[in-house]
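Undergrad: Numbering-wise (our numbering), the sequence shown opens with residue 67 and increments by one.
Treat the hints as calculated values from the structure; they're not laboratory data. Among the hints, erroneous ones may be present.
To be verified - Here are the simulated lysine-lysine pairs, PhoX-like style, with alpha carbons at most 25 Å apart:
hint : residue 1 : residue 2
1    : K244      : K196
2    : K160      : K184
3    : K184      : K196
4    : K196      : K160
5    : K244      : K184
6    : K160      : K75
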Amino acid sequence: MALKATIFKAKLNIADMDRGYYGEHLLTLARHPSETDERMMVRLLAFAINANAQLEFTRGLSSEDEADLWQHNLSGEIERWIEVGLPTEERVRKACNRAREVRIYAYGARTAPIWWRKQVPSAERFNNLKVYFLNAESSAAITALALRNMDLTITIQDEQIWLASTIASAEISLQTWK
67 MALKATIFKA KLNIADMDRG YYGEHLLTLA RHPSETDERM MVRLLAFAIN ANAQLEFTRG
127 LSSEDEADLW QHNLSGEIER WIEVGLPTEE RVRKACNRAR EVRIYAYGAR TAPIWWRKQV
187 PSAERFNNLK VYFLNAESSA AITALALRNM DLTITIQDEQ IWLASTIASA EISLQTWK
């Protein structure tokens with residue numbers, strides 16, 4: 067019998083002073099049986115950083131033709147394609163050809179730098195690609211906030227990110243790789 071996804075509920079109160087975006091989002095996240103809390107929380111962080119009324123989660127791990135998150139314009143074209151983790155070169159190329167902007171949020175202290183060194187030559191040709199790295203401390207801090215029902219306050223200012231819940235808070239650092 068197949069394992070079912072675990073459902074998480076998240077209420078995000080976002081104050082992104084860098085973009086002038088302020089909003090509340092009530093989200094339902096389905097964590098795939100093979101997905102870790104860390105990956106799910108990085109997806110949630112990527113949502114918060116890119117929050118927009120049109121931004122939505124996709125089927126994620128269960129679909130090869132969809133991003134982890136994406137944003138469509140009113141004519142149905144993909145404005146922003148967001149990947150979490152370490153996508154293959156083929157997947158990055160496909161995303162860059164289909165979307166106006168592609169963002170990758172890489173994590174994994176040992177594996178991500180190796181993955182990036184292999185990606186650099188092919189990634190240089192894509193002007194619409196941005197790659198960010200979440201270090202081990204930041205990744206562990208947001209993973210500690212994972213609960214079935216989350217109420218998170220996210221503040222973004224001067225490219226610094228703060229997350230706070232009723233149980234803990236975390237300051238997040240993202241490195242820009244491209």
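Undergrad: For each hint, tell me whether it holds in the structure or not.
TA: These are the hints, each one checked on the structure:
| no. | hint | in the structure |
| --- | --- | --- |
| 1 | K244 / K196 | holds, 5 Å |
| 2 | K160 / K184 | holds, 17 Å |
| 3 | K184 / K196 | holds, 16 Å |
| 4 | K196 / K160 | holds, 15 Å |
| 5 | K244 / K184 | holds, 14 Å |
| 6 | K160 / K75 | violated, 31 Å |
Hint check: a violation occurs at hint 6 only; the rest are consistent with the structure.
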